[in-house]
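Take these sequences, add in the hints, and give me the full structure.
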Amino acid sequence: MEKKIQLKDELKKIKENIEKNKPLVHNITNYVTVNDCANIQLAFGGSPIMADSVLEIEEVVSVCNSLVINIGTINERTIKSMIKAGEIANIKGIPVILDPVGYGFTKLRTDGVDEILSKVKVSVIKGNISEIKGLLKGNNNINGVDVSTTDKELTVEDIFEIAKKVSKIHSCIVAVTSKVDVVTDGERVVYLSNGNRIMSDITGTGCMIGALLGVSLGGNRDNLFMGTIYGVGMMGVCGEIATKTMKKRELSTLKNNILDKVGSIKFEEFLEVLNYEYE
Amino acid sequence: MEKKIQLKDELKKIKENIEKNKPLVHNITNYVTVNDCANIQLAFGGSPIMADSVLEIEEVVSVCNSLVINIGTINERTIKSMIKAGEIANIKGIPVILDPVGYGFTKLRTDGVDEILSKVKVSVIKGNISEIKGLLKGNNNINGVDVSTTDKELTVEDIFEIAKKVSKIHSCIVAVTSKVDVVTDGERVVYLSNGNRIMSDITGTGCMIGALLGVSLGGNRDNLFMGTIYGVGMMGVCGEIATKTMKKRELSTLKNNILDKVGSIKFEEFLEVLNYEYE
Amino acid sequence: MEKKIQLKDELKKIKENIEKNKPLVHNITNYVTVNDCANIQLAFGGSPIMADSVLEIEEVVSVCNSLVINIGTINERTIKSMIKAGEIANIKGIPVILDPVGYGFTKLRTDGVDEILSKVKVSVIKGNISEIKGLLKGNNNINGVDVSTTDKELTVEDIFEIAKKVSKIHSCIVAVTSKVDVVTDGERVVYLSNGNRIMSDITGTGCMIGALLGVSLGGNRDNLFMGTIYGVGMMGVCGEIATKTMKKRELSTLKNNILDKVGSIKFEEFLEVLNYEYE
Chain R
1 MEKKIQLKDE
11 LKKIKENIEK
21 NKPLVHNITN
31 YVTVNDCANI
41 QLAFGGSPIM
51 ADSVLEIEEV
61 VSVCNSLVIN
71 IGTINERTIK
81 SMIKAGEIAN
91 IKGIPVILDP
101 VGYGFTKLRT
111 DGVDEILSKV
121 KVSVIKGNIS
131 EIKGLLKGNN
141 NINGVDVSTT
151 DKELTVEDIF
161 EIAKKVSKIH
171 SCIVAVTSKV
181 DVVTDGERVV
191 YLSNGNRIMS
201 DITGTGCMIG
211 ALLGVSLGGN
221 RDNLFMGTIY
231 GVGMMGVCGE
241 IATKTMKKRE
251 LSTLKNNILD
261 KVGSIKFEEF
271 LEVLNYEYE
Chain Y
1 MEKKIQLKDE
11 LKKIKENIEK
21 NKPLVHNITN
31 YVTVNDCANI
41 QLAFGGSPIM
51 ADSVLEIEEV
61 VSVCNSLVIN
71 IGTINERTIK
81 SMIKAGEIAN
91 IKGIPVILDP
101 VGYGFTKLRT
111 DGVDEILSKV
121 KVSVIKGNIS
131 EIKGLLKGNN
141 NINGVDVSTT
151 DKELTVEDIF
161 EIAKKVSKIH
171 SCIVAVTSKV
181 DVVTDGERVV
191 YLSNGNRIMS
201 DITGTGCMIG
211 ALLGVSLGGN
221 RDNLFMGTIY
231 GVGMMGVCGE
241 IATKTMKKRE
251 LSTLKNNILD
261 KVGSIKFEEF
271 LEVLNYEYE
Chain P
1 MEKKIQLKDE
11 LKKIKENIEK
21 NKPLVHNITN
31 YVTVNDCANI
41 QLAFGGSPIM
51 ADSVLEIEEV
61 VSVCNSLVIN
71 IGTINERTIK
81 SMIKAGEIAN
91 IKGIPVILDP
101 VGYGFTKLRT
111 DGVDEILSKV
121 KVSVIKGNIS
131 EIKGLLKGNN
141 NINGVDVSTT
151 DKELTVEDIF
161 EIAKKVSKIH
171 SCIVAVTSKV
181 DVVTDGERVV
191 YLSNGNRIMS
201 DITGTGCMIG
211 ALLGVSLGGN
221 RDNLFMGTIY
231 GVGMMGVCGE
241 IATKTMKKRE
251 LSTLKNNILD
261 KVGSIKFEEF
271 LEVLNYEYE
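Residue numbers (my numbering), protein chains in the order written: chain R, 1 to 279; chain Y, 1 to 279; chain P, 1 to 279.
Keep in mind the hints are simulated off the structure, nothing from the lab.
Don't take each hint at face value.
Claimed, not checked - What follows is a set of in silico ranges between Cβ atoms, one per label pair, in the way DEER data are often shown: (1) Y/Glu269 <-> P/Ile5: 50 to 58 angstroms; (2) P/Tyr278 <-> R/Leu271: 29 to 37 angstroms; (3) Y/Lys247 <-> P/Glu153: 41 to 49 angstroms; (4) Y/Glu161 <-> P/Lys92: 45 to 53 angstroms.
Claimed, not checked - Taking lysine-lysine pairs in the PhoX-like style, the calculated list, with each CA pair at most 20 angstroms apart, reads: (5) Y/Lys119 <-> Y/Lys137; (6) R/Lys84 <-> P/Lys107; (7) Y/Lys107 <-> P/Lys80.
Claimed, not checked - Stretches of chain R that chain P covers, calculated by requiring three or more beta carbons in the stretch to come under 8 angstroms of a beta carbon on chain P: (8) 26-38; (9) 55-67.
Beta carbons: idealized from backbone N, C-alpha and C, even for Gly.
See the structure below:
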């Protein structure tokens, strides 16, 4: 109980810091969901910059409060920008959020992420369980950029164990999106069980979580763990509220409603709907 | 009459196969309409992957059930990926859908498509009549990526004749989007007359048909002709229903309503609205 | 008063010319807001083409009525296409609209725009005050791609003085978007005070003004000044109407409503809401 009150207070601070800092977030991301990522960052109180030319990366990162790297449509040009951006972010001391979309699926993605992780200290890795499991190596259950069938059967305890290991290997927070989202820094763990499976029938709900993290961490450099919980929780809560009003499988309306909610939700409503367990 | 009943039964199988297979579709497409293409594939029961680096094409195509190539914003880098993807798709035996956006408009587009068609066996070419006519060569009536004025005056019989020729040249199904959509495999032909002209005031309605074909053909490798009719018909039907509720020229709402409808339409409603002639 | 009546008559002609010409607009723009830019051009009565390969630029520009260059996600490849497109546009005599997103922010952007301006005669430069001020050189107040804090304190008179200078240096119309939008050709000036600050919480409202200009100037080569006022005014008016019906900070709905309004507004309503001063 005490812990719960404490978490609420901490989340409130996270929210206030976003408002105070209006974090500038540098995103090197994919061209599929980039518009939604920019809009959700604005809705969440941040200010997005999308720039991917290696020629300007240094200047862009230098003025930003965080960096989001999403490898959704990675190519031989952008991978270089991602690494350079990460290195500068490390020098500047700003948080780096990595979304290793499709890790384990292709050599380009796997090698690319491995290279990023070998050269860049990331603050948070956010992925689905197949991607996170892949980071432990030896995982061959791939299903494109989605979760593989066998991975769908993992329990929340399994997921935590995997996430904890990855967290320790890379000394970072790991956020696994799943039926129950698992956020751990290797010691602490929070389970977030909001949202609805139908959200995965919209492209980019995963990318948008990374985008939210860019804002919440960019404004909260001194409390990255709680910042991660706030960002991941925000998507779950807003997605859950939006799906509740949905009568038919109207997915474009659902996406609009999620984005609308992120920009208009009151903190009290967020807390009320947020469903979490803190160990 | 008998043919009509048969077509309905066949379309039902197409629909059931999509549900059963949840086809994974690899898309190499343009950055203008890519988000809508991904979302309409999800709404339609498929699972989209967008990846265009030549370094990962082989692995991506290998796990997919179909490949959609759309040259909307083609460049010197992506054309190579398109050709390689097509070649792998042929080896794996999965359907290839080609949308030759702006064929005949620029040398890059014309040569690019010619090269694709010389190296890749495509299952369906989907385009507007100017593009399809261009494939017969000698067509100089271009209007950017839209249909030229003189081509707008072609009758549905003219369109069928042109489509049939292109179909025979490339041994593939040809789907021409027009006031009346014409789908032919060189022998059979189906005329689909749903939709509404105002749909062309939304960017990407054409691209989205290609995206739908990726799903319907990906789940129905043994009945590509009927799969094409289902995909083309779905856009016309959903567009028609969405425009009917439109009172003002509110195009963003119209786009949302089309996407909503693709994700929520019942098969019975689809059949009821579908307006077709089968020769 | 007389001037006001005259302006209304001129704007009416601008509108009628768009309808008559349905201008074909070539856009080399960023991948963040490109879909909204294409859709707003269609809504506004234009016909967008997005193409950025240097291999087809010449053919594309040649059939178009205007060219919009937006450097939002510029890179080493696209800068070359932008310059070539501008040069061809000059030869063909079609208007060039330049949106120097983030000018002064990075060397790539500053040098890129400087090179464009040294090789291409542009018709309109549209930017926020930090970007326009940057074009006078010696401005170091940068805040990524947004307006810097000190620049926010400039008066409308300051803004006009800066815009006038830039206009004279580059012999072009300058449109500065701000609380009050300032449009000047170096001699005449029009102040437009529609819109609402919350519009900047949607990505791309600035880019969409450039997109609108592509349409209005493409259809009105003989009256670029009034064409600019119509394009800039349209965004302000539609944004203002859309925000008035907004009860909560629902930004996705707001964006949809703006796009809906651009496609459905009656000219009389536009004039009624348009708030301007003409010196």
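So, going through the hints one by one against the coordinates:
Evaluation of the 50 to 58 angstroms hint for Y/Glu269 and P/Ile5 yields a pass: the beta carbon distance comes to about 53 angstroms. Between P/Tyr278 and R/Leu271 the beta carbon distance is about 52 angstroms. The supplied range of 29 to 37 angstroms is therefore violated. Range check, Y/Lys247 to P/Glu153: about 44 angstroms between beta-carbon atoms, so the 41 to 49 angstroms window is met. A C-beta distance of roughly 36 angstroms is found between Y/Glu161 and P/Lys92, which places it outside the suggested range of 45 to 53 angstroms.
Under the criterion of a C-alpha separation no larger than 20 angstroms, the hint pairing Y/Lys119 with Y/Lys137 is consistent with the structure, at around 18 angstroms. Under the criterion of a C-alpha separation no larger than 20 angstroms, the hint pairing R/Lys84 with P/Lys107 is consistent with the structure, at around 16 angstroms. In summary, the hint linking Y/Lys107 to P/Lys80 is supported, as the alpha carbons are separated by about 18 angstroms, within the 20 angstroms threshold. Only when three residues or more bring their CB closer than 8 angstroms to a CB of chain P does the claim for the stretch 26-38 of chain R stand; here the count is 4, and the claim holds.
Check result for the stretch 55-67 of chain R against chain P: holds, 6 residues qualifying (beta carbon to beta carbon below 8 angstroms, three or more required).
Consistency with the previously given hints fails for numbers 2 and 4, ordered from lowest to highest.
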